[in-house]
Amino acid sequence: MASAWRKLKKSLIMKISTHRDDDRRRSSSSSSSSANGIVSSPSPSSVSRSSSRLSYSFSFRSSKKTCAICLGSLKKGEGQAIFTAECSHHFHFNCIATNVQHGNRICPICRSEWKDIPFQAPGSANDFRNNNSTILGFRHNWHPPSLPVLETDQFSLEEPLSATHVAPAPSTCLQPITIKALPEFPAVLASDAVSKFPVLVGVSAPPFHVDVRHFNRAPIDLVAVLDVSGSMSGKLSLLKRAVCFIIQNLGPLDRVSIVTFSSSARRIFPLRRMRGSGQDDAISAVNALSSGGGTNIAEGLKKGVRVLEERHEQNPIASIMLLSDGHDTLNDDTRSLYRNVQNLTSNPNYSLQYLYLLPASICSRNTASGNEARRLSIPVHTFGFGSEHDSNAMHAISDLSGGTYSFIETVDNLQDAFARCIGGLLSVVAQDVRLTIQSLSRGVQIGSIHSGRYKNEIFNLGQKATIDVGSLYADEEKEFLVYVSIPASSRGEGEAKLDHMSLLEVLCSNKDSTSSEIVESRRERVVIRRPKVLSPTDKMVCLEVDRQKNRLAVADAIATAQRMAELGILDHAQAVLSEQKTTLLSSVSAQAGDDLCKWLEKELTETAQRMATLQLYEQSGRAYVLSGLSSHSWQRATTRGHSTTILPGEGANGINSYETPSMISMVSKSQCLNGGPSQQPQMVTKSCSLTPRHK
Numbered sequence: 000m001a002s003a004w005r006k007l008k009k010s011l012i013m014k015i016s017t018h019r020d021d022d023r024r025r026s027s028s029s030s031s032s033s034a035n036g037i038v039s040s041p042s043p044s045s046v047s048r049s050s051s052r053l054s055y056s057f058s059f060r061s062s063k064k065t066c067a068i069c070l071g072s073l074k075k076g077e078g079q080a081i082f083t084a085e086c087s088h089h090f091h092f093n094c095i096a097t098n099v100q101h102g103n104r105i106c107p108i109c110r111s112e113w114k115d116i117p118f119q120a121p122g123s124a125n126d127f128r129n130n131n132s133t134i135l136g137f138r139h140n141w142h143p144p145s146l147p148v149l150e151t152d153q154f155s156l157e158e159p160l161s162a163t164h165v166a167p168a169p170s171t172c173l174q175p176i177t178i179k180a181l182p183e184f185p186a187v188l189a190s191d192a193v194s195k196f197p198v199l200v201g202v203s204a205p206p207f208h209v210d211v212r213h214f215n216r217a218p219i220d221l222v223a224v225l226d227v228s229g230s231m232s233g234k235l236s237l238l239k240r241a242v243c244f245i246i247q248n249l250g251p252l253d254r255v256s257i258v259t260f261s262s263s264a265r266r267i268f269p270l271r272r273m274r275g276s277g278q279d280d281a282i283s284a285v286n287a288l289s290s291g292g293g294t295n296i297a298e299g300l301k302k303g304v305r306v307l308e309e310r311h312e313q314n315p316i317a318s319i320m321l322l323s324d325g326h327d328t329l330n331d332d333t334r335s336l337y338r339n340v341q342n343l344t345s346n347p348n349y350s351l352q353y354l355y356l357l358p359a360s361i362c363s364r365n366t367a368s369g370n371e372a373r374r375l376s377i378p379v380h381t382f383g384f385g386s387e388h389d390s391n392a393m394h395a396i397s398d399l400s401g402g403t404y405s406f407i408e409t410v411d412n413l414q415d416a417f418a419r420c421i422g423g424l425l426s427v428v429a430q431d432v433r434l435t436i437q438s439l440s441r442g443v444q445i446g447s448i449h450s451g452r453y454k455n456e457i458f459n460l461g462q463k464a465t466i467d468v469g470s471l472y473a474d475e476e477k478e479f480l481v482y483v484s485i486p487a488s489s490r491g492e493g494e495a496k497l498d499h500m501s502l503l504e505v506l507c508s509n510k511d512s513t514s515s516e517i518v519e520s521r522r523e524r525v526v527i528r529r530p531k532v533l534s535p536t537d538k539m540v541c542l543e544v545d546r547q548k549n550r551l552a553v554a555d556a557i558a559t560a561q562r563m564a565e566l567g568i569l570d571h572a573q574a575v576l577s578e579q580k581t582t583l584l585s586s587v588s589a590q591a592g593d594d595l596c597k598w599l600e601k602e603l604t605e606t607a608q609r610m611a612t613l614q615l616y617e618q619s620g621r622a623y624v625l626s627g628l629s630s631h632s633w634q635r636a637t638t639r640g641h642s643t644t645i646l647p648g649e650g651a652n653g654i655n656s657y658e659t660p661s662m663i664s665m666v667s668k669s670q671c672l673n674g675g676p677s678q679q680p681q682m683v684t685k686s687c688s689l690t691p692r693h694k
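Its first residue numbered 0, the sequence shown is counted upward by one per residue in numbering that gives the first Met the number 0.
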């Protein structure tokens, strides 16, 4: 035995000596070549072997401590399953299972190909409704889908649009947009000059008569930006169910991408069409979500915008749905963001400091004229739920991007809130809607336009004006008040006596959402009488103008009360709301039993109740008010409060004047799945009627 050992030792020494001699000869040869001006490089094979040994040694040691996919700790006992591959590298089970599920069978560390891989079974509709947990296991020689999910520097993994999508047949084309133009009174005395005469100008979109999933509508590119921070741990199952509801109600031409954020942000699902495997893979990605870390809303938005900005192909409609239950813990200037948004109208040159954290597609920078440009290129619809979310930031982000802000007081109503939003997005019938208003008589000038957050412009010394409405959902209505100055009627020499005066002409143009053709609606004229004496009929008030004045007055009163509540002056806030309620109830339309006025009265009452104490206002009042102001500013339905049920006569949400049939249908579908009420809510009816004016 001792003899054998001595022979083996001698053999090893001789081999080591031989290797050293070879090394000296290579070194000498290299030095000689260098001296002659020729630099020789080591052989590729030797470099490869050396670097391979170094890389393997380093990666093997580091892979034992951190997951190479999420860079999180791999310590045992931290509540996460750990997967050990056949190449001996370690990963979090959820990280590597998601990676493998979308086609990557190569070890991220040593690049060896695996035979045995982790597997997460895809969820079905019943799985995510009844049990949001995923089934974990292993599958041998499984052939996964071809699209990977891991992020790259360029978001170029989108699924191409369908080449078979064609324009709708003429029989399926929608009706054109209808225009409304009504004066407050049918006549003005010939001898009177009126400085602010209100004229109601509005548009109504054509209806849908079929299920939005099967209608030949404009497809959408939708990005869901979801908060998965530590505070979401108890709400994650309901979030999964709500997002899966959206996925299952999209059509085969719609595309979805999913971005999650906590302390950092990550795109977990690329932009893919919701058909077959696309829907199944999206649901699987949602079911694999886990919570933990801080809250970085700004980073989540940046990543969501990147998905849409870096598309090679684009669907006609694009939008972002942002959900969070907390404050941005990495960007703590959200309160100054809200204050800046409040000052935007009165001081357009105000420095919007926090907004520089947001992508330009959401909040474009100042124009050369110094005014803040509000391009509605990527509207962000925000959803804040619970009493701890940052309502100021969520409202400001949606307001500046052209989206809506919904306040979900209880997480159980999250799916209904998503349903209301998606019901609208899936029913877009017109884009780039613009109203053009032209003065028709000498001396008639357009003085001001009350259009909420929709951009309006008056030019040619009040002779012409435009209102940019943007997109319209099916059956959606937008109404604006245009104030004009009317001169006293004068008749020059040789002129015939005129009993009528043409005030305005209104034209609407838009892009059809399916064919992309520019469509112009039939022009509407506003004409009033100019008699010497007013008859009883001439003194009749148009209820539609009066109700619109009430809506704007109530929204202004609530905004004023909210600013006082922010200063802690709750008694003054209550006084403003009480005074406005008295004014509302004494109006002509309220006296006539108008449904919208009843809804506005309930809104004032609910707002006052949520401003009863500073604690109550901080807990839910601020979010409720901001969600309401978002709804009024865009004339679009939002979810607010503790219930999304909109049945007649039940609380402040008894009637929702901005609800469209497509929204109602989608919310009813959601409530049926959740075992909630399925009755259809009451819609506010709007008709043109006249009531005697009060002296």
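Hints listed in this document are in silico derivations from the structure and should not be mistaken for laboratory results.
Some clues are possibly wrong.
25 Å max Cα-Cα, derived DSS-like pairs, lysine-lysine [to be verified]:
hint	residue 1	residue 2
1	Lys-510	Lys-195
2	Lys-454	Lys-195
3	Lys-195	Lys-179
Between beta-carbon pairs, the in silico distance windows are [what the hints assert, rightly or not]:
hint	residue 1	residue 2	range
4	Ala-359	Arg-441	42 to 52 Å
5	Lys-463	Ser-577	17 to 27 Å
6	Gln-618	Asp-555	41 to 51 Å
7	Ser-262	Glu-308	21 to 31 Å
8	Gln-174	Ala-591	54 to 64 Å
9	Arg-524	Ser-276	50 to 60 Å
10	Ser-386	Ser-289	16 to 26 Å
11	Ser-72	Thr-604	47 to 57 Å
12	Thr-536	Thr-604	34 to 44 Å
13	Thr-409	Lys-463	44 to 54 Å
14	Ser-236	Gln-618	35 to 45 Å
Yeah, the Cβ is synthetic: ideal placement off N, Cα and C, and Gly gets one too.
Evaluation of the provided hints:
Taking the CA atoms of Lys-510 and Lys-195, the gap is about 33 Å. The hint is violated against a cut of 25 Å. Using a Cα cut-off of 25 Å, the hinted pair Lys-454 and Lys-195 holds, with the two alpha carbons roughly 20 Å apart. Between Lys-195 and Lys-179 the CA atoms are separated by roughly 19 Å; this keeps the pair inside 25 Å, and the hint holds. Take Ala-359 and Arg-441: their Cβ atoms lie about 44 Å apart, and the range 42 to 52 Å holds.
The given range of 17 to 27 Å is broken by Lys-463 and Ser-577, whose C-beta atoms sit roughly 41 Å from each other. At about 25 Å, the beta-carbon gap between Gln-618 and Asp-555 misses the expected band of 41 to 51 Å. At about 23 Å, the beta-carbon gap between Ser-262 and Glu-308 stays in the expected band of 21 to 31 Å. One distance hint, 54 to 64 Å for the beta-carbon pair Gln-174 and Ala-591, is violated here, with the actual separation near 30 Å.
At roughly 55 Å, the beta carbons of Arg-524 and Ser-276 sit within the given window of 50 to 60 Å. At about 24 Å, the CB distance of Ser-386 to Ser-289 agrees with the hint of 16 to 26 Å. Remark: the range hint 47 to 57 Å for Ser-72 to Thr-604 is upheld by a beta-carbon distance near 53 Å. Thr-536 and Thr-604 have their C-beta atoms about 36 Å apart, which keeps the hinted 34 to 44 Å range intact.
Hint check: Thr-409 to Lys-463, Cβ distance near 49 Å, so the stated range 44 to 54 Å holds. Checked against the hint of 35 to 45 Å, the C-beta distance between Ser-236 and Gln-618 comes to roughly 24 Å, which is inconsistent with it.
Hints 1, 5, 6, 8 and 14 from the list above are not met by this structure, while the remaining hints are.
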